[in-house]
Amino acid sequence: MKRREFIKLSAAGCAALGLMELQGRGLFRPAVSQGATAGATPQYLPGSLGAKEVPSVCEMCFWRCPIVGKVKDGKLVKIEGNPKSPSNGPRVCARGNSGVQLVYDPDRMKYPMKRIGARGEGKWAKISWDEALDEIVHNMQKVKKEYGPNAIAYFDHGASAEFMREIFKATGTENYTNEPAFFQCVGPVAVAYLNTAGYLVSGTRQYIDMGNAKVILLVGSHIGENVHVSHVREFVAGLNKGAKLIVVDPRFSAPANKADIYLPIRPGTDTALLLSWINYVIQKNLYDKEFVRDHCNGFEKLRESVKPYTIEWAAKICDLNPNEMRKAIELLAKHRPNVAIHPGRHSTWYGKEDVGRHQALAILNGLMGAVAVPGGIYFQTPVKPGKAKGMEVEVEENTPAISLKTEYPYAEALGTPTANIIKATLTGKPYPIKLWGINGVNILQTIPNPYDTMEAIKKLDFIFCSEMLAGETAIWSDIILPDATYLERYDAIHTYDGLTPYLTIRQPVVDAMFETRSPYWVAHQLARKMNINVFPYEKEQDYLNLQLQPLGLSIEKLNAQGGILTFPSKPYRSRKELKLPTDSGKYELYVEDFAKNKLDPLPKFITVTAPPKGYMRLVYGRVPMHTFSRTMNNLWLHNEMPENELWLNDEVAAKIGIKDGDIVVMENQDGKKSNPVKVKVTAGMRPDAAFLPHGFGSKSPLLTKAYNKGASDQFMITRYENDPYVGSSSHRTSFIRLIKDGKTLDIPEIRPLPPEIPRFEIKKTA
Amino acid sequence: MSQYAMVIDLNRCVGCHACALACRAEWQVPVPYHRNWVKRLGPDKTPEGLSYTFWPGLCNHCDHPVCVGVCPADKVVREFKNPKTGEVKKMQIAATYKDPFTGVVLIEKDRCIGCGNCVAACPYGARYLNEQLDEPKADKCTFCIERIAHGEIPACVKTCIVDARIFGDLSDKKSEVYKLVHEKGAKRLSSKEVSIGPNIYYLGKKKDISLLFTKCAPHERKWEKVSSLPPGRREMLLAAIKGLPTFI
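Chains A and B are the protein sequences, given in the same order.
When the letters of the first sequence are read in order and numbered with the numbering used here, they come out as residues 1 to 766.
When the letters of the second sequence are read in order and numbered with the numbering used here, they come out as residues 1 to 248.
The following block holds chain A by itself, in its conformation from the complex (with noise of 0.2 Å):
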């Protein structure tokens, strides 16, 4: 019995029996004051006071913030930001504060796992390290010699990854680098300024100078509530020091909140808002006419393409106010060239427009002058490390008679497009794709439409993964490898090229437990049982210790100043000594390979089509405490935040009879239900569509704290279309209405479409 609950019955009637139990328990024990800090011995010092400070780097998301892991007693009790950071300094987020509950999560994957029931059954049995890699080579070089290099795909993201994307390079295969991070995220926005400005303006990192602009535009991101720690601090500094904000998003996100004006624009229609805009800028002169003028290629060929866009149009195509979209570009244009017009990060919305959409962005930027000079978009400044020879593979063009790049021109540069990989694997044309190894990425929870991806892995001969913690796609593996986590590993060196260059490296900070290895050591032990000539070096610090020479350096040294080394950077530029790293040199408002290719040389207004009948669309977004699918079973995390609710407008709910805190089954234009879910009512968002936090309702039973808690967007977006360009998949092209009660409800049309936008129309299946 527990002592509160023994006080809350009678005290007569259970004293005897109470004071037993009390005595026995030692009841009233000194414990420590709150306070009390005299006298104490540093080990004993409360909180993480006095604890042993390792450098090193994030990985609970990408975006990798240097740190120091506080260690007492070889035990990792907190996490902070490394102070000599420039970047973030003693700040962590969230989950960069939760990492202490990855390490010390009981659900990780703790030796190497083998399938022994159906895939996807849940079956395993503990395997040795010998075992597990043996069994992958073997595969790997019988899937090689029956069916061709070209059969094995790599599926890989994030450091992790990176030495086992060699390994699969050296079978020959074309199919790797397929990283999701390009063909389900930045693909399309990475291609538009590529070709625009030259050089990836938004990738792994953004280039966009927040902090420094005096009106930041926002077009559907939702900066804060995806947290990127330096990313965020620059757009807060921005707000500041008086930047306005301009937000366009069908959703009141965290930003519109703080934001100037917010335009609830419909879904689907950001490209023709943009196109008014740029017509509106060049017809009422409101351009950078020096910088069209010197710096930019295709200004004639824009005036005349846009001429159709006008603001009356947009705003009937847009369900806006025409008056606050007019006040929006006039505010943006008064205060060029100092403007953020951010590129946006997560791009793969409708497919088609994708590229076109994002090309728009880029355009309005150069017209708006906003290159190169404080708060437009800025130039990186790379910091250069060592080579250590022997570490990656050398491959030969070894393009086969049939691709699964060549159907998008843009696609070669970034890998073979997913869904074709699945495509191919689920039909075996244009051939078979018989392996599939996965590092880094649950691919269930990340690529449209998982059934298919599910049915694909049922065709596979062999699919293995490399996990710390058991997702999706890890219970649909042959083989399960077990992970160390970041803070138990050295990694690759780590160089940041935005606003404030810095070097750093990840380094353990903690033994790694179980028996669970770095990736370098998996990667080092693949090669030389497949008899690969790559890594060299047994140990990780010593290819570190080697890529650190030039600079001086030995692990040693950096970590003795701090484990940051800084470097000047070189942001901005004057108009004088303005060039930009395209062909040309210019800012390229038209862009000619687009054409080359037979693409659109110009953005264009592409109508997406819109929800049925009945229908709303589904959009989802991140929340600031979780990270993809990756970080739902970790305990703090999980506690913030255990379940995602599904964001419906106030109008809708009250039509259909729902409230605050029901209870809904979504059902998508497939037929696909989706597990119960929470619904927030609120008048923070469009009528016509609802959102869903990404990254819920984990069907892995071996996640024990996120299993089936909350609902899968992912799962809900069967339909999808792949833009033209690189061949990304569209994530916003998902349709969905509700059953309450097991009555299945249709979501009224409070804003009636225009008749430009056709709906998209459900076909009877019989």
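What the hints contain is simulated information worked out from the structure, not anything from laboratory work.
None of the values given here were measured: they were computed from a predicted structure.
Hints are supplied without guarantee of correctness; some may be wrong.
Listed next, with one range per pair, are the computed distances between beta-carbon atoms [to be verified]: (1) B:195 - A:744: 34 to 40 Å; (2) B:185 - A:749: 40 to 46 Å; (3) A:753 - B:153: 52 to 58 Å.
Each residue gets a CB set at the ideal place from its N, CA and C atoms; glycine is no exception.
Given the coordinates of chain A, assemble chain B onto it according to the supplied hints.
Relative to the frame of chain A, chain B by itself:
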């Protein structure tokens, strides 16, 4: 006399929960209890417009802490020392008390009898009774006074990714908190009914403050319902300490 205080700037806050997690890590606060929390508010309509804001909350280290008054532990005399001047003062305290020199409300854990009175009394829900211990004890934010004693700043302040938390001494006119409270109009989260002088202040747009106050300002004097311990139980508990037989 000093009064330590904190100002939270909702214009800067993005509701990321880093503060809550840094506190949990620093003090090993067990799940599901909180010393420090973020409650997400809205988006809701307010008279000033639509608002989506947050309540980053913690112990308010009130001017008139009701938790102190309802603590039934025997009073003892303790000596307090002014960290700035070295001045010494003797005071009678129960298990929970307000430090006369810093204004920080603290708990002497070894004398806390785990009755939960203070937890029930706090109108902000800032205290919890840790029932995962063999002997439950009340616990809450200390303003990281232990860290301050070692030249550190509170864990939540240190980790705040946008520097939305400002900590300092409100009695010091040169301090940032003084300026934010007296010149920028930072507000205490209290109401007409419940006004016990909280020392956490909030800055923000009208609509955000409006939503925060509508949803989170206490309107009920909970401590008046706390009747200390039932008759006899206190004696029983005290007897248990001494190992004496008890007959009631």
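Outcome of the hint check:
| no. | hint | in the structure |
| --- | --- | --- |
| 1 | B:195 - A:744: 34 to 40 Å | violated (50 Å) |
| 2 | B:185 - A:749: 40 to 46 Å | holds (44 Å) |
| 3 | A:753 - B:153: 52 to 58 Å | holds (54 Å) |
When held up to the earlier numbered hints, the structure conflicts with hint 1 and nothing else.
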